[in-house]
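Colleague: Chains as they are written, first to last, in the numbering used here: chain A, 1 to 182; chain B, 1 to 182.
If you are wondering where the hints come from, they were derived from the structure by calculation, not from laboratory data.
Treat the hints loosely; a few may be bogus.
As the list makes no split between identical chains, a pair holds if one copy fits it or if it spans any two.
[As the list claims (entries may be wrong)] Straight-line distance between alpha carbons at most 20 Å, and here's what the computed DMTMM-like set of lysine to aspartate or glutamate pairs gives:
id: 1; residue 1: Lys133; residue 2: Asp172
id: 2; residue 1: Lys63; residue 2: Glu18
id: 3; residue 1: Lys71; residue 2: Glu103
id: 4; residue 1: Lys133; residue 2: Glu150
id: 5; residue 1: Lys71; residue 2: Asp120
In case you want the letters, here they are:
There are 2 protein chains.
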Amino acid sequence: MQNQVAFSGADRGNWRVESLRAVRGDPLPAVPCLDVAPASSSENQASRLWVLRGFASNVRYAKRVEVTSLKAQSEPLGRRLAMKAALIPIRKTPAWWALAQDERRAIFEEQSHHTAIGMDYLPAIARQLYHAKDLGEPFDFLTWFEFAPEHEAAFEGLVARLRATQEWTYVDREIDIRLVRS
Amino acid sequence: MQNQVAFSGADRGNWRVESLRAVRGDPLPAVPCLDVAPASSSENQASRLWVLRGFASNVRYAKRVEVTSLKAQSEPLGRRLAMKAALIPIRKTPAWWALAQDERRAIFEEQSHHTAIGMDYLPAIARQLYHAKDLGEPFDFLTWFEFAPEHEAAFEGLVARLRATQEWTYVDREIDIRLVRS
Numbered sequence: 001m002q003n004q005v006a007f008s009g010a011d012r013g014n015w016r017v018e019s020l021r022a023v024r025g026d027p028l029p030a031v032p033c034l035d036v037a038p039a040s041s042s043e044n045q046a047s048r049l050w051v052l053r054g055f056a057s058n059v060r061y062a063k064r065v066e067v068t069s070l071k072a073q074s075e076p077l078g079r080r081l082a083m084k085a086a087l088i089p090i091r092k093t094p095a096w097w098a099l100a101q102d103e104r105r106a107i108f109e110e111q112s113h114h115t116a117i118g119m120d121y122l123p124a125i126a127r128q129l130y131h132a133k134d135l136g137e138p139f140d141f142l143t144w145f146e147f148a149p150e151h152e153a154a155f156e157g158l159v160a161r162l163r164a165t166q167e168w169t170y171v172d173r174e175i176d177i178r179l180v181r182s
Numbered sequence: 001m002q003n004q005v006a007f008s009g010a011d012r013g014n015w016r017v018e019s020l021r022a023v024r025g026d027p028l029p030a031v032p033c034l035d036v037a038p039a040s041s042s043e044n045q046a047s048r049l050w051v052l053r054g055f056a057s058n059v060r061y062a063k064r065v066e067v068t069s070l071k072a073q074s075e076p077l078g079r080r081l082a083m084k085a086a087l088i089p090i091r092k093t094p095a096w097w098a099l100a101q102d103e104r105r106a107i108f109e110e111q112s113h114h115t116a117i118g119m120d121y122l123p124a125i126a127r128q129l130y131h132a133k134d135l136g137e138p139f140d141f142l143t144w145f146e147f148a149p150e151h152e153a154a155f156e157g158l159v160a161r162l163r164a165t166q167e168w169t170y171v172d173r174e175i176d177i178r179l180v181r182s
């Protein structure tokens, strides 16, 4: 599928794993490298220990004013200076998915300020969300962040603030994988 | 993938095609039957002329009050009396997908009354939405309806009302396939 990205835990890959820890729920096996590539490419499959797949999609919660602000402040993935990255796969509880759209929006933004928190770290921390739940994957979201080494402390602040939100009480599995470009 | 459904245009299948017409955009080849099955099953592949895949997912626009009302009034698929069905694959324009969540919601419900129109035909017309865009499919949605033969005129009213909405100005491909149980 052309719009799917595969994150492969493997012996080789375009990112080297600095750390991999389970924040909540079942862990994921340790790997030396992470290879990030379109899911259609079949390279390197033999050496994969695991693979997580997801797709970028339209925004699900952001209002026009938020989308406009995000676009104005965001920088793309793949910046030369962004030598560090993080892959944080997340699964939410069945209770989250049983909520109606207005209930999820209220928790996501009005209570938890998810978009507003992320904006505080733009353009330093570039981010991309990949959806995985609808593929029957073990995680619901694969969240991806890229930043320069001098913004690592800021990134710790970002994830700490998100993990302290009301929204995060609906997260029942989370892995935190820190990466440096190979 | 366990949550994917495949709609296969084929020589045999659990539904017989009564009519197949392009409402807007490119047509789809005529077929004698439609086979509806989990996408993981590999039966009957040889005789397929085409296959459309989609997945059921969480609600994207409905508020709590609407979800509660829908659940109270809806009946399940597969009712004995529901000998008729319709598969209506739909694609929306890039302009639709570039809208923010609040803009899409406003067009979908406050302007077009999509959920409210559907509710007028419950429980007679049972419906299920399958998402396809994020699979890289040719359509964005596969909309599925089941009803007893005596509600066919009501169903015509339902689709006519939806096609007259502001939301439908964002539909650039639509096929209308009418079916009867084999």
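Colleague: Determine for every hint whether it applies to the structure shown.
Modeller: Hints, verified against the model:
no., hint, in the structure
1, Lys133 x Asp172, "within (14 Å within a copy, 28 Å between copies)"
2, Lys63 x Glu18, "neither (36 Å within a copy, 42 Å between copies)"
3, Lys71 x Glu103, "between (25 Å within a copy, 16 Å between copies)"
4, Lys133 x Glu150, "neither (33 Å within a copy, 38 Å between copies)"
5, Lys71 x Asp120, "within (13 Å within a copy, 40 Å between copies)"
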